[in-house]
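Enquirer: Each chain, written out:
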Amino acid sequence: MAVLHTTNKSPLQTRDLESCLRLTRPGCGILLLEDAVYGALKSTEAGARLAEAAKDRRIYVLGPDLAARGFTPEEVIAGVEVVDYGGFVDLVAEHHHVQAWV
Amino acid sequence: MTAAVALKDKEVAVDEEGYLVNLADWNEDVARTMAADDNIALTGNHWEVINFLREYYAEYQVAPAIRVLTKAIGKKLGPEKGNSKYLYELFPYGPAKQACRYAGLPKPTGCI
Amino acid sequence: MSDTEAGEGGNRKVKRFMIVNRKAPYGTIYALEALEVVLIGAAFDQDVSLVFADDGVYQLKKGQQTKGIGQKNFSPSYRALGDYDIEKLYVERESLQARGLAPADLLVPVRVLGSAELSVLMDEQDVVLSF
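Chains as they are written, first to last, in our numbering: chain A, 1 to 102; chain B, 1001 to 1112; chain C, 2001 to 2131.
Everything hinted at is true.
Restricting the straight-line Cα-Cα distance to at most 16 Å, the calculated cross-link-like pairs of lysine to aspartate or glutamate (EDC-like) are: (1) A:Lys55 to A:Glu81; (2) C:Lys2015 to C:Glu2124; (3) A:Lys42 to A:Glu74; (4) A:Lys9 to A:Asp35; (5) C:Lys2015 to C:Asp2085; (6) C:Lys2088 to C:Asp2045; (7) C:Lys2062 to B:Glu1059; (8) B:Lys1075 to B:Glu1055; (9) B:Lys1075 to C:Asp2085; (10) B:Lys1071 to C:Asp2083; (11) B:Lys1075 to C:Asp2083; (12) B:Lys1071 to C:Asp2085; (13) B:Lys1008 to B:Asp1025; (14) C:Lys2072 to B:Glu1059; (15) B:Lys1076 to C:Asp2083; (16) A:Lys9 to A:Glu34; (17) B:Lys1071 to B:Glu1048; (18) B:Lys1010 to B:Asp1025; (19) B:Lys1071 to C:Asp2045; (20) B:Lys1076 to B:Glu1059; (21) B:Lys1010 to B:Asp1029; (22) C:Lys2072 to C:Glu2036; (23) B:Lys1107 to C:Glu2036; (24) B:Lys1076 to B:Glu1055; (25) B:Lys1107 to B:Glu1017; (26) B:Lys1008 to B:Glu1028.
Derived, one-sided and incomplete: chain A residues facing chain C with beta-carbon distance under 7 Å: (27) Val3; (28) Ser19; (29) Arg25; (30) Ala100; (31) Val102.
Quick caveat, the hints were computed from the structure, so don't treat them as lab data. The beta-carbon is built from N, C-alpha and C at its ideal position, and this holds for glycine as well.
Start from the sequences and build out the full structure, keeping to the hints where you can.
Expert: Written as structure tokens, this is what we have:
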């Protein structure tokens, strides 16, 4: 079973997401939550890198964190799935373990 | 901080488990007094372990856990001393915990 | 209370634990906390490996002198890990290179692995703790 990676810092501010992408393999899941949701937006400089990663990894973004920051699922990069808290729990249960890139 | 070990001329502060609060407060009198409070008179064999621990801490900044202490003592002082039985006879309350306390070190890391 | 030797509890399954260190020492408490976790965890006879990546590689830099900042220099403790039977220390090559460091700059012998090899190792773990 694959590993679920989580990251919670804005990729415009820290390099956590970049390290996560560098040290993960195709097939894994990556969930962006809290301030990391900015990384899932089409509009930012970080977007292109994530769009590239979404080709061979399953990328998720936590909807409530997105909404809290004033963004909608329409503004999220194509190929990135928006999940709610229930979906977060399902992801954790489906994966072998969770690795947090804090 | 309420606890202290009373020496002849002064008191040194210890934590609730009896470990020195300030490592720099240590001297041989501190060790002797702590041991006397446990009804133990320190012998050359005790000092060998206490001094070993102080050297280990100076080198690595770690108060070694029992398993590590036993192995390291064995390496330095030979197998007849690097075993639990020998060390427990010297320090019946648990060699690492008790000897680290007398040696003025923090409670061993990895000690459960 | 006696400090009996841990890990004699019979047939418990040995799990593979990986501690991932990604923070520089002293600026935050993460590095020291990770080290404490490693030393405590070693008492339970598990398969423990350490990864140093990103600024975490600075934890292993030789010649740390902390007198001037009034903090404990815990870098010598990495050299005691062998006594705790922790021998799997991995450093990410990309992180090392990005900081202009070479294995000779580090205070313990480590295995330098590329990110692709490291990501395989991470996938094989039972538990990964990030600091």
